[in-house]
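Single-letter residue listing:
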Amino acid sequence: MSEPLKTNSKLVPAARKDGDALVVSIAGEIDLNNSPELRAALMGLLQRSPSKKIVLNLAQVPYMDSSAVAVLVELLRKLNGGKIFLTDLQKRVQGLLEVAKLSTIFKIVPTEKEALA
Amino acid sequence: MTTSPRPSNPPPLRLKITSDPATLASTRRAVEMFAAQCGFDETARGEIGLVINEALANVIRHAYQGATDQPIEVAAQKTDEGICLSVRDWGLGVNPFELPPKKHDPMKPGGVGLICMRQMMDDVQFHKQPDGMLLTMCRCRIRRKAPGAKEAC
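Chains as they are written, first to last, in our numbering: chain A, 1 to 117; chain B, 1001 to 1153.
Careful: at least some of the hints might be erroneous.
[What the hints assert, rightly or not] 30 Å max Cα-Cα, derived DSSO-like pairs, lysine-lysine:
| # | chain 1 | residue 1 | chain 2 | residue 2 |
| --- | --- | --- | --- | --- |
| 1 | A | Lys6 | A | Lys107 |
| 2 | B | Lys1078 | A | Lys107 |
| 3 | A | Lys101 | B | Lys1102 |
| 4 | B | Lys1016 | A | Lys78 |
| 5 | B | Lys1108 | B | Lys1078 |
| 6 | A | Lys52 | B | Lys1128 |
| 7 | A | Lys113 | A | Lys6 |
| 8 | B | Lys1102 | A | Lys91 |
| 9 | A | Lys107 | B | Lys1103 |
| 10 | A | Lys83 | A | Lys17 |
| 11 | B | Lys1103 | A | Lys53 |
| 12 | A | Lys91 | A | Lys52 |
| 13 | B | Lys1078 | A | Lys91 |
| 14 | A | Lys53 | A | Lys78 |
| 15 | A | Lys91 | A | Lys113 |
| 16 | B | Lys1078 | A | Lys78 |
| 17 | B | Lys1108 | A | Lys17 |
| 18 | A | Lys83 | B | Lys1102 |
| 19 | A | Lys91 | B | Lys1128 |
| 20 | A | Lys78 | A | Lys107 |
| 21 | A | Lys17 | A | Lys107 |
| 22 | A | Lys78 | A | Lys17 |
| 23 | B | Lys1108 | A | Lys10 |
| 24 | A | Lys78 | A | Lys10 |
| 25 | A | Lys53 | B | Lys1016 |
| 26 | B | Lys1016 | A | Lys101 |
| 27 | B | Lys1108 | A | Lys83 |
| 28 | A | Lys52 | A | Lys83 |
| 29 | B | Lys1103 | A | Lys83 |
| 30 | B | Lys1108 | A | Lys52 |
| 31 | B | Lys1108 | A | Lys101 |
| 32 | B | Lys1108 | A | Lys107 |
| 33 | B | Lys1108 | A | Lys91 |
| 34 | B | Lys1102 | A | Lys78 |
| 35 | B | Lys1128 | B | Lys1103 |
| 36 | B | Lys1078 | B | Lys1102 |
Hint data in this document are derived by calculation from the structure and do not stem from the laboratory.
Make the full structure from the sequences, and use the hints.
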């Protein structure tokens, strides 16, 4: 069962609760200028809809920098043993995650559907 | 596979910006466009853009401690082997390579920008100035670090 959630940032155009997972679509280029907005949006969603499993669909994120990475890591720490799935990565984002060795702490899967399987 | 554009002979790029994070995206795009004129392929241009973004973000966060109205000068020039970038600031003048080394822990924030610089550029140097810092970073079109690559610079 899927329940849409309201979001208050254009960086997060859609979010929903799907079973026990919080599924969030992120859109746009994320750098130090707007990563605080992304942080506020994601933390707000987690607060309103607590979950131990978050699926972040990054299909509409052509670029992110280390400040965006820091937001994702902070979100993971908030989950206290929960899991974050990153799906639909574009090439540049995948490259950054590899350099930052984040594939060891996030579950990187090709599609949202696979993350929810 | 990405194709490399034919290198042209662009005049050096010089940008005077402020330490406002809102300047990051346009500066990154200008440097990526310059890298294209220097003959770098799409993947390399993306890495060069990320590196300049990280260098500027470090200046904003650390050298200027978040102040958004301080001067930064960015320059890029084509070399025989590739591209050289420089970032000049008038901030605290701390060389991050002289700080005690920390093992990278993906669960702890920080350090990713420097890792990108080291991995994505062939030469990275911080030159302390009497009133700040000058960072220079160069990358070859053919990287000597790449497995099997011809040593070009």
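- Decide if the proposed pair is consistent with the structure: B/Lys1078 and A/Lys78, CA atoms, cutoff 30 Å inclusive. violated, 45 Å
- Message: Given the hinted pair A/Lys52 and B/Lys1128, is their Cα-Cα distance within 30 Å?
- Response: violated, 46 Å
- Query: Is the straight-line distance between the alpha-carbon of A/Lys91 and that of B/Lys1128 30 Å or less?
  - Reply: violated, 35 Å
- Message: For B/Lys1078 and A/Lys91, compute the direct alpha-carbon distance and say whether it is at most 30 Å.
- Response: holds, 26 Å
- Message: Run the distance test for A/Lys91 versus A/Lys113: straight-line Cα separation, threshold 30 Å.
- Response: holds, 19 Å
- Query: When you check the alpha-carbon spacing of A/Lys113 and A/Lys6, does it fall within 30 Å?
  - Reply: holds, 21 Å
- Task: Please work out if A/Lys6 and A/Lys107 have their alpha carbons no farther apart than 30 Å.
- Result: This hinted pair holds, its Cα atoms lying about 25 Å apart.
- 30 Å limit on alpha-carbon distance, applied to hinted pair A/Lys83 and A/Lys17: holds, 15 Å
- Task: For the pair supplied as a hint, A/Lys78 and A/Lys17, confirm whether the alpha-carbon distance does not exceed 30 Å.
- Result: holds, 18 Å
- Item | Hint consistency between B/Lys1108 and A/Lys101 [alpha-carbon to alpha-carbon, up to 30 Å] | holds, 12 Å
- Query: Between B/Lys1108 and B/Lys1078, does the CA-CA distance stay at or below 30 Å?
  - Reply: Violated, at roughly 36 Å.
- Item | Pair hint outcome, A/Lys78 versus A/Lys10 [Cα-Cα no greater than 30 Å] | holds, 23 Å
The structure shown violates the earlier hints numbered 2, 4, 5, 6, 16, 19, 25, 26 and 36.
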